[in-house]
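J.: The residues making up each chain are set out below.
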Amino acid sequence: MTPLISPWLPAEAGGGVPVLPVEAAGTFWWLWLIIALPALGATLLLLGGRLTNPWGHLLGTAMSAGSFGVALVMFVALLGRSEEERQVRQQLWTWLDVGDYTVDMSLLFDPLSAVFVLLITGVGTLIHIYSIGYMAHDERRGRFFAYLNLFVVAMLVLVLADDYLAVFLGWEGVGLASYLLIGFWAHKQSAAVAAKKAFVVNRVGDVGMSLAVMTMVATFSTSSFVGVSAGMPEASSGTSTALGLLLLLAACGKSAQVPLQSWLLDAMEGPTPVSALIHAATMVTAGVYLIVRSNYVYAETPVAQVAVMAVGLVTLLFGAVIGCAKDDIKKALAGSTMSQIGYMTLAAGIGPAGYAFAIFHLLTHGFFKANMFLGAGSVMHAMDDDVDMRHYGALSRAMPITFLTFAAGYLAIIGFPGFAGFWSKDKIIEAAFAEGWVFGVGALLGAGVTAFYMTRVMLMTFISKKRWRSGVHPHESPSVMTVPLVVLGALSAVGGVLLLGGWITGWLEPVTGPEGEHELFVSPFILTSLVTLVVLAGVVVAWLVFGRGELAGTAPQRVSWVTRAARNDLYGDAFNEAVFMRPGQHLVRGLVYLDDTIIDGVVNGVAALVGGSSGQVRRAQTGFVRSYALTMLGGALVAVLATLAVTLA
Amino acid sequence: MSFPLLTILGGVPLLGALLLVALPRSRAAAAPMVALVCSLVTLGLGVVVAWQFDADAGGFQLSEEADWIPALGAHYALGVDGIGLTLVLLTVVLTPVVILASWRDGDLGRWSANSFFAWVLALEGLAIGVFAATDVFLFYVLFEATLIPIYFLIGGFGGPQRSYAAVKFLLYSLLGGLLMLAAVVGLYVVSADAGAPSYLLTDLMDVPMEETTGRLLFAGFFVAFAIKAPMFPVHTWLPDAAASATPGTSVLLVSILDKIGTFGMIRFCLGLFPEASQWASPVVIALAVFSVLYGALVAIGQTDMRRLVAYTSVSHFGFIVLGIFVFTSQGGSGSTLYMFNHGLSTAALFLVTGMLIQRRGSAQIADFGGVQKVAPVLAGVFLVAGLSSLSLPGLSPFVSEFLVLAGTFRTSVLAAVVATLGIVLAALYILLMYQRTMNGPLQASAAAIPDLGLRERLALAPLLALILALGFFPQPLLDVINPAVGATLSHVGVAQPEPDVDVSAPDEEPQP
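Residue numbers (our numbering), protein chains in the order written: chain A, 1 to 649; chain B, 1001 to 1512.
Hints were generated in silico from the structure; no laboratory data involved. For clarity, every value in this text was computed on a predicted model and none was experimentally measured. Glycine is no exception: its CB is placed at the ideal position from the N, C-alpha and C atoms. Careful: at least some of the hints might be erroneous.
[Unchecked claim] Here are some chain B residues the structure puts well away from chain A; computed CB gaps all over 10 Å:
hint, residue
1, S1026
2, Q1052
3, W1279
4, T1328
5, G1334
6, G1394
7, L1421
8, V1424
9, A1427
[Claimed, not checked] Only part of the chain A face toward chain B is listed, based on derived beta-carbon distances under 10 Å:
hint, residue
10, E23
11, G48
12, G49
13, L51
14, N53
15, P54
16, L58
17, A62
18, L165
19, G506
20, D595
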């Protein structure tokens, strides 16, 4: 069955020009290679085991770099095409075909997936290179690169698939890679538990994804992007809202949005390059990708759109508050990641006016947050793997490259004028104000808090007086680690160029529709100034608190209830434990007891009756023959009765 | 009658069993090799059968038929449709794997290794017969006959509780068999009333049947199959059997024999009693969904790995039964594929936990910890097997589980939503077990655990390869299954659900 080729967008949402996927030919015939290269790397490294240790890191990096090279060629080729032809589809094989439902394994290379592919393979390759140095002394370095390649494969499948079920393949694939990498040092109990928690919480989100695909199958008999986008305008409003909310649930799991945020902070148990690649730059943004990709769903359901915005708003504040109280540098950055993805989710919920900015912020965040995580890794490397910022201080002298690149990331995330984050975050706050005061003020407030907690991280780590433990001698990291930092630092500074001449919005328009006009109560310039003032206030407050006096070497215990709550992740874990875990454990214990005593007990009782006594049942030699004879007799009786019943009936 | 390929397929392992019985005790060391060769020959024949099978033609193929007991209308009739072929293939694939993995398991039993492998081969032959029988009487006889080898395999070669477990299994099965016998007798009466008695499936499918009669007979078959499958609340024999049997026996029992239950539901419940199947479907669906969650929750609470795996199967069989009784093509094909995939995945899980248990001499999860440090290959296989059990996309069980759920969603949103919660529980029961045994600090008692040997790797590799291959390329198997499921559903006579919004291209070219 060929699905009716349709424009991605319903006409009333501003679509209009039918944009049809073109079969991949010429340069695009090599599209599959983008996935195949890292897949080959992962396969060789996993099957080779310890044999690959001497050269595994080089193979893994080469495969990722090769994939980036191919992606770059494809991207340029796509740039050279006219706007209507920028949807290239490559059919690989039919995954399954049952009744009226068919799922193809095929790749869709369009403006949206193209920028993701570049981000994944580009930042991914930098992190591969960095890991050569970071994991140099790990006896299982080959395995680490196998998992990294596996992650890249799954993430590419996620963004290149053109059917929701195939997206789900990548979706759970990145979940597996995340599980393996969080638990890479699984001999630590905390790492093992964190890995499992991440997978299980993500599975809750995956229930949403599964049910969304089922809804599509029931409604459209297909789950392909083309089919679903064509059918959405005719779907009932109930179906549209259900789809929108189910996809949001899926996004919450993968992108660590409230209420499924609890796994991300624990995920920092993984090696730091993993935190940079998976838990900052790429995987955790998959939820934003899903929502933007499903723009034709949200076009039909204002209810789900508001829900998306609400989730984004709550999470951006939630994460920012947590980020303020953490002394563990990685957890502070993780809270920040949650918060920044909240911004993206908020933007995605706004609709066509926000989609492009969600993706724009996703890209710049990919640069500056990967940069800062790798910087944190560099610091940890220097501090004997200590993550407590209360043991840092004055590292700007000891590690100048790390300091300068981290500073570029810092200026980008707080939105210092000119740096990448300034352009992207500013646009989101602007669009949020156009949606409503609540969203605008929330996003503005978040910017201030972001400036506060990031300044705190900067001061505690690089500026304040040194509080090093004895025996620690910080030193700059080797160049294999600092070169990626420099590249990412530069991107953090100049990433805003993507907005020049409205390039990013124009580029994504075939997928997300035209940006549309929004009305602002003030001119954009005044709003930008306001945002900058709020950011400045955050910086100043942080400097007043952390920049002047001596900092304690251990976390003070006499703190306000707000700080206590933030240190405890705003009681997210406590809530889960009280509401799900403990009742669940009681339920399981109760059911096991029920199964062992009552259900099995009834059976044993019956068996005992048949066998004469339970003692004989347990002694097979005697019980068996008798019971068999009895059973035979019973069987004959039942047979006679059944015959009678049937004859009489 | 054409060349009796199916008879030969079932006959080779039975002959092999006889050969092993004749093999002198002094040559017991050769028994596993003889059995392996024999099962590989059967596998080869199975490939020939699959080769001969024309997926597009549909219907029963490679049919054989001969009168057996004319007075009863019983025939020796064999034939496979896509569903039967799938399960025959599962049987011939798993048996060599089990033999290779159980190489030494015959040495420690009550009887000689000869008899262990003889029973394994006998079971293979009988199982092939069960899946290929197209005569209800023949099916019944073979169905009951499979109990004998498995009884001796559990009772003769299992753990300390083996006698209790074997008898419990036998009593349960006999109770089910008894009900089925009554229904089989009832079928004779119905068929005789309609003219000449015949147990041929093709004849019985067209016999007119009173509503009440059909429902009574349906119940007789269904309960027998539900015990076999096993479904809540008649599942408690399985954990005991799995905890007492050798890993290989558990595989034969859960991966192959239990499939007779769900296979029988499609072939006989839906095939012979379409009206009664529809009548009973709400109750069956409710029980199936309950089984999914119940099995998973109880699995989470287990402390013994073998019992845990057994309970996961209760959950998985819930999915299979669910897919059968929602009467949609996705549900039916998904369930049939699920039978095959569950066979592979559970086999891998039983075998790898068995290897772990044998190394440490304990099946208690708490007795392990940090094993991945000393046995990374074993840990890796354990993880892949576990991930297949929790239906990770990319591994074969995902395709079947999703099809079952999607097929269910189209007729009962509620059942699908509740059953989908099972995927969270599945992640819990697998990853908790994996974390407690493989991860964390290395326990002193587990420090001496050696990694997998060559024979063990050879036994597990085909399973993992198939799990992965069918995860990405399930269509060859689905092409075989789809026509058979389609035929069954049109016989049941339920209209397939239509999509709310039609996005398919119209037949004629759209106007430019």
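J.: Go through the numbered hints given earlier and state which of them the structure violates, listing their numbers in rising order.
T.: Result: hints 4, 5, 6, 7, 8, 9, 10, 11, 13, 14, 15, 16, 17, 19 break, sorted rising.
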